[in-house]
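Kindly produce the complete structure, drawing on both the sequences and the hints.
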Amino acid sequence: MPLDIVVCVKWVPNTQIVNIDPRTGTLIREGVPSIINPHDLNAVEFGLTLKDSYGGRLTAIAMSPPSAKAGLEFLIGMGVDRAILITDRVFAGADTLATSYVLAKAIERLMPTDLIIFGQETIDSSTAHICAQTASWLKLPYIYYVIDARLEDGKKNIVVKRVLERKIEVFELPLPCLMAIAMKSNVPRPVTLSNKIKAKMENLIEVWNNEMLKLNINCVGLKGSPTVVSKSIPTPVVPRKKLKFEGTDPIEAARWLLDRLAEEGVRVI
Amino acid sequence: MDPPSATKFDVAIVGAGPAGASAAYTLARKGFKVVVLERGRTPGSKNLFGGRVYSHPLELIFEGFKNEAPIERWTKREVLSFVTEEGIVSVEYASGSSTSFTAYLSKLSAWMASKAESAGAILVTDVRVDDILMENGKAVGIVSGGDRLYADVVVIAEGVNRLLCERRNITPQLSPEEVALGVKHVIRLGTDKINDRFGLDSNEGLAWFLIGKVTDYLPGGAFLYTNSTTVSLGIVVFLSHAMKKVKRHIYEVLEDLRTSPPFTRLLEGGSLVEYGSHLTPEAGLKMMPKKLYGDGFLIVGDAAGLLINLGYTVRGVDLAAFSGYLAAEAIEEAHSLGSYTSHNLSCYERKLNDSFVMKEMKRHDSVQKLMSKSHIFELYPQVLVGTTKRLFEFEEASPKLLEAAKESLKGKGSKFKMLLDAITLMRGP
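Protein sequences appear in the order of chains G and S. Letter 45 of the first sequence, counting from 1, is numbered 41 in my numbering, and no numbers are missing. Offset between the second sequence (1-based) and my numbering: plus 18.
These are computed hints drawn from the structure, not numbers from a lab. Beta carbons are placed, not taken as given, at the ideal position from N, Cα and C, and that holds for glycine. Hints are not guaranteed to be accurate.
Claimed, not checked - Restricting the straight-line Cα-Cα distance to at most 25 Å, the calculated cross-link-like pairs of lysine-lysine (PhoX-like) are: (1) S/Lys377 x S/Lys265; (2) S/Lys84 x S/Lys48; (3) G/Lys196 x S/Lys387; (4) G/Lys65 x S/Lys125; (5) G/Lys219 x G/Lys135; (6) G/Lys65 x G/Lys196; (7) S/Lys377 x S/Lys309; (8) G/Lys194 x S/Lys51; (9) G/Lys47 x G/Lys65; (10) S/Lys64 x G/Lys196; (11) G/Lys240 x S/Lys377; (12) S/Lys418 x S/Lys428; (13) S/Lys156 x S/Lys391; (14) S/Lys51 x G/Lys65; (15) S/Lys48 x G/Lys196; (16) S/Lys407 x S/Lys428; (17) S/Lys308 x G/Lys194; (18) S/Lys51 x G/Lys196; (19) S/Lys125 x G/Lys196; (20) S/Lys387 x S/Lys262; (21) G/Lys65 x S/Lys64; (22) S/Lys380 x S/Lys369; (23) S/Lys84 x S/Lys26; (24) S/Lys26 x G/Lys194; (25) G/Lys135 x G/Lys210.
Stated by the list, open to error - If we take Cβ atoms under 10 Å as the criterion, some of the chain G residues that face chain S in the derived model are: (26) Phe70; (27) Gly73; (28) Val187; (29) Leu189; (30) Lys192; (31) Lys196.
Structure, rendered in structure tokens:
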């Protein structure tokens, strides 16, 4: 039974190399290259694996500035069949509520579809809201922390395993439904040359703007976002003491290190 | 293996550095269906060089080069310094005109690749080419992971570490004697500090080459180039020496340089924004593949060993770019002859030989050989600094020039040998 799957991804600044402005407490995004949210790659891999098993089609959607095209090309390089870039100035500054609203409206346009998948959370905000909120807009069931799925009963239901810390639970959900894939639960496949060439040569990325979606501008972007960042506390900078052990004996070195730690109030039991 | 990609290209180019991008741009403009395959995430991300490019060849290749290219500063001051424990002797040349500029190679390569893309070439980044696809002794495409990509002709622009050429026995494995190791810091100082400390205008650049103590007296040298807001400071030594003769890690040699006068003062308040290292071809004609072409393929750029080190200046980017340009012309010629046989592609070598590229490579080959000799990098600085010290640092009797020179030469080897070296440096063989 072929599956029509949609995967939602976010184009995020690579937070491994991003710094925080100590005055405003916001991310300094200038000059930081963006990437597809790494946890979303687990969702893409999950979708591709399902496609490998049952056949069908995998569509990626991202609500992002136009630069996300490079990220969507990367996903097509992995094996995604087509991508939709939702981009419009009126969508900028969105919190999770406004984002999930736009995504839900876009997904409605893609219906009928069998499965909508997400990464567990993003590396630049870690809310893990989007799957649940999108499901609420669509009035469809959803489940988080999924590590495995197989079709049951023809194409009506899907049996999923989800992991809650050390426990694995099994659920059966009716299709269509939404699921957030547990982060690091699989190894995203590398891009292949032929898929990358496909991404470059065939027009597989559609661009949707609000002229097309026609959403109420009070429900999207900054205007549609009730979230307020009231305060942000940056991690305090601990000045390095730059102490150096001068010697060669490892036992002495270990003892010296323990003494220094003790001075800092670290107890070794 | 997966079925081959449905798309077939006229030309597949491996590597989007200066050579590959120049070939791609030229071919795409001639109407060829070109794909460029780049290992890095972006074109240029695998490239590193000292900091200076000779402009003229690039102006011939790229339309609008001078106006559009990411040029940092036009080099209008050249300094060559001889350094010992005793001091520094420098020769300076300043001029109102300039034929070279400083740049970030990553930005320059990216610009070249974007020109190729606008001309119609397909650029694919983030892919590794594992092998040249050969059928009946003829290159017919490339292999990348489980993918095969067919093309009528393959341009190998894979850079100095020519794994594809080695794999296909086109070139022998590189030896550490044939390549140099460059290590470089990019230090942000800001335009004002650079202009003040180096005595420059905002559009003027400095190219500074130092030999002697800066590399522990080993062949090679140190360089400093001024960009708009940053300075590139680095050293180059033969890989073989870096491995065997330098008694410490090579980055410590650069670190010592950076923290010694006059650099401590010149770079004060700067912040390190980039740190990199790369190999460069150094063996001149000896490192060039016996043939730069074969059935269905051509070799360009660093992979072809095209780099000239004259001790006081290094050229690589312009040679690489121009070899890519000539490869494109050769492909056009072979195409008009009906096939990409070794015979039809041999015009590439002829074009290279007729161009400044091979003329320069041959003309300076003896200098390049000299560059591998240690005594130049020890004897010259010692004698020059020694003589100058005697000339200016005296207490009562001021010495005559010849006396000072004689004194500093004492026990430092044959004057005759030095004279021969000097002649070789000045006028070639």
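Against the structure shown, which of the earlier numbered hints fail to hold, in ascending order? 1, 3, 11, 13, 17, 23
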